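Participant: Sequence:
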Amino acid sequence: MPQQIELRNIALQAAQPLVHGVSLTLQRGRVLALVGGSGSGKSLTCAATLGILPAGVRQTAGEILADGKPVSPCALRGIKIATIMQNPRSAFNPL
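Those letters in the sequence shown? Residues 28 to 122, by this note's numbering.
No wet-lab data here; the hints were simulated from the structure. Wrong hints could be hidden among the right ones.
Just the calculated beta-carbon pair ranges, DEER-fashion [as the list claims (entries may be wrong)]:
#1 Q30 / G78: 13 to 21 Å
#2 G64 / D94: 27 to 35 Å
#3 Q30 / L77: 14 to 22 Å
#4 Q40 / S65: 15 to 23 Å
Just so it is clear, the structure is predicted and the values come from calculations on it, not from any experiment. We treat Cβ as the ideally placed atom computed from N, Cα and C, and that holds for glycine.
All chains, please: the whole structure from these sequences, using the hints.
Facilitator: Put into structure tokens, the structure is as follows:
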């Protein structure tokens with residue numbers, strides 16, 4: 028299990044740029060809250076970290092590191108990293 032997960036200069040894009048220049052460090056055993064206005068890219072940043080970007084959205088820049096080494100976002104799932112959506116009761120509702 029990594030001691031540190033780091034995002035460096037992450038950029039996400041669909042038809043237009045959505046998120047650019049996001050960098051942050053997550054330390055094992057710590058809690059991090061992403062706070063910002065509606066549409067500011069909080070959920071997309073979390074999705075990129077977990078490797079669950081929505082269809083049509085792709086990472087165009089930056090890297091994700093675990094203990095200083097590049098890692099695929101999919102490799103981070105299942106190692107005690109999670110996200111709690113703004114409205115968790117409707118986050119997985121298909122309607």
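Participant: Does the Cβ distance between Q40 and S65 fall inside 15 to 23 Å?
Facilitator: Taking Cβ atoms as reference, Q40 and S65 lie about 19 Å apart, which means the hint holds.
Participant: Cβ-Cβ distance between G64 and D94: within 27 to 35 Å?
Facilitator: Given range 27 to 35 Å: holds, Cβ gap about 32 Å.
Participant: Is the distance from the Cβ of Q30 to the Cβ of L77 consistent with 14 to 22 Å?
Facilitator: 18 Å, holds
Participant: For the hint 13 to 21 Å, verify it against the beta carbon of Q30 and that of G78.
Facilitator: Given a distance of about 20 Å, which is inside 13 to 21 Å, the answer is holds.
The structure fails none of the hints (numbered hints given earlier).
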